[in-house]
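**Q** Sequence:
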Amino acid sequence: MESVVHSFVSPPDHRLQSQNFSAMRTSSMSPSPTAHRSIPSFRCRAEKPIVAAAFPYSHSVFPLSTPLSLPSSCHSKVLFATPDAGVSSETGVWAMQDFYSLRKDVEATSKRVEEIRASAGLEQLGEEVAKLEKATGSDSFWDDRSSAQQTLMALTDIKDKMNLLKEFQDQIDDAETIVNLTEEMDSTDTALLEEAATIVKELNKALDKFELSQLLSGPYDKEGAVINITAGAGGTDAQDWADMLLRMYVRWGERQRYKTRVVEKSMGEEAGIKSATIEVEGRYAFGYLSGEKGTHRIVRQSPFNSKGLRQTSFSGVEVMPLLPEDSLNVEIPEEDLQIGFSRAGGSGGQNVNKVETAVRITHIPTGVTVRCTEERSQLANKIKALSRLKAKLLVIAVEQRASEIKQIRGDAVKADWGQQIRNYVFHPYKLVKDVRTGYETTDIVSVMDGELDPFIKAYLRYKYTESMSN
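Numbering-wise, the sequence shown is residues 2 to 471 according to the numbering used here.
Hints are computed from structural coordinates only; laboratory data are not their basis.
Among the hints, a few may not be true.
Computed cross-link-like contacts, DSSO-like style, restricted to lysine-lysine with a CA-CA straight-line distance of at most 30 Å [stated by the list, open to error]:
1. 266 <-> 105
2. 223 <-> 105
3. 167 <-> 202
4. 135 <-> 105
5. 385 <-> 434
6. 434 <-> 167
Here are the simulated distance ranges between beta carbons [stated by the list, open to error]:
7. 190 <-> 142: 51 to 59 Å
8. 437 <-> 120: 38 to 46 Å
9. 165 <-> 309: 33 to 41 Å
10. 125 <-> 184: 22 to 30 Å
Predicted, not measured: the structure shown is a model, and the values here were computed from it.
Even for Gly, the Cβ is constructed at its ideal location relative to N, Cα and C.
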């Protein structure tokens, strides 16, 4: 009788033993062909398999005095599955492919860091820092407070830039160290590869942002921003669209980790808003958002139309720098200003809807108008509104290259047909396209959730190319 190797998983069923014992005795103890069945591969993976001789259709066990020999194929499977065998060849191949890809990314990023550091001119930056530090040590440095503050800001900007460039080099050095260490190791450490991949990914994001900031060279690009949103043609749909734009810019500010505050909002009769003002405090906020100025057009199935027809609506966006009051060296004659007061509106409050604290100032020669309602007193609103008016006029003067305020023509954004800078199509297909740069994307959900960086970058490059050609 031949023996069969069994690996017991459950206790033997004694009912089967009693039923099959009689049949076993009448079979002349002849081995059954089923005794030659091949052993499943998973049974060979046990470190110490239970070896037993068994009759066909029986779980009766008889210990053997000599161990059984296993087939050679089974030995190979056991050896392959032992813990000492390490990572399988297939896993190793994939790990090496990931490593080669990572090494290529590290080399490309290293070259990019080298080019950025070379174009930044670290030697010249160091000389500029030494010059400014010498000026700050002068006894007459604080005689002109405004000039001293500008010097300190310039010194801080240059030092921040140099520290950032040094940080870029440190990060790419860390990634290169991991790659070199992996090449010297006998095995691949996936944790190290993941760490290096994360460094490269975050570094490329920082390099993109740095390159974007280098395109901002305007006099007010480093300042914060004030965004005014006004509903245009389209009725209730336009007011709802203005509210959607308000949320989009607030989410963008949150993504950039700027301090974003809605300082004024005029609600619509049925839905949405008639107008809103957002203050965005942060470095380069105005430089990034300056390209958002203009008319924004939406095409969608109107939620306010009982027939669900396609509706086109418009909203205007104006952007001005958020400047400190002491930096606005602009004198506007009183006769050029038309100042009106009204109730602030809103719900609750001691003075709301009782005292006329809201201020509206119109610059008569240009027609530029600003409104301020967020402060509690009329005087405070007047001061802030006048400050915003001066900032707005300064931006228009730079855009129109006007040397004096009286030469400014005004910048009223016409939120109507043929004036749009960007189209947002929700129906019958999904597409957001900037008509100036030609940049477009079908991921309209991300755009409305504040993902505006690709549009901002495309516009800044477009603006830089236009300035170079002129």
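**Q** For the range 33 to 41 Å, tell me whether the beta carbons of residue 165 and residue 309 fit it or not.
**A** Given range 33 to 41 Å: violated, Cβ gap about 51 Å.
**Q** Given a hint of 22 to 30 Å, does the C-beta separation of residue 125 and residue 184 actually sit inside it?
**A** 37 Å, violated
**Q** For a C-alpha distance cap of 30 Å, please report whether residue 434 and residue 167 respect it.
**A** 37 Å, violated
**Q** Does residue 434 sit within 30 Å of residue 385, going by the straight-line distance between their CA atoms?
**A** The given pair, whose Cα atoms are some 35 Å apart, is violated under the 30 Å limit.
**Q** Given the hinted pair residue 223 and residue 105, is their alpha-carbon gap at most 30 Å?
**A** 35 Å, violated
**Q** Range first: 38 to 46 Å. Now tell me if the beta carbons of residue 437 and residue 120 are that far apart.
**A** At roughly 26 Å between Cβ atoms, residue 120 and residue 437 fall outside 38 to 46 Å, so the hint is violated.
**Q** Quickly compare the C-alpha distance for residue 167 and residue 202 to 30 Å and report which way the hint goes.
**A** 17 Å, holds
**Q** If you draw a straight line from the CA of residue 266 to the CA of residue 105, is it 30 Å or shorter?
**A** With a Cα-Cα distance of about 51 Å, the restraint between residue 266 and residue 105 is violated, given a limit of 30 Å.
**Q** Is 51 to 59 Å respected by the C-beta to C-beta distance linking residue 190 and residue 142?
**A** 54 Å, holds
**Q** Given the hint that residue 135 pairs with residue 105, test it: the Cα-Cα distance must not exceed 30 Å.
**A** 44 Å, violated
Violated hints for the displayed structure, listed by number in ascending order: 1, 2, 4, 5, 6, 8, 9 and 10.
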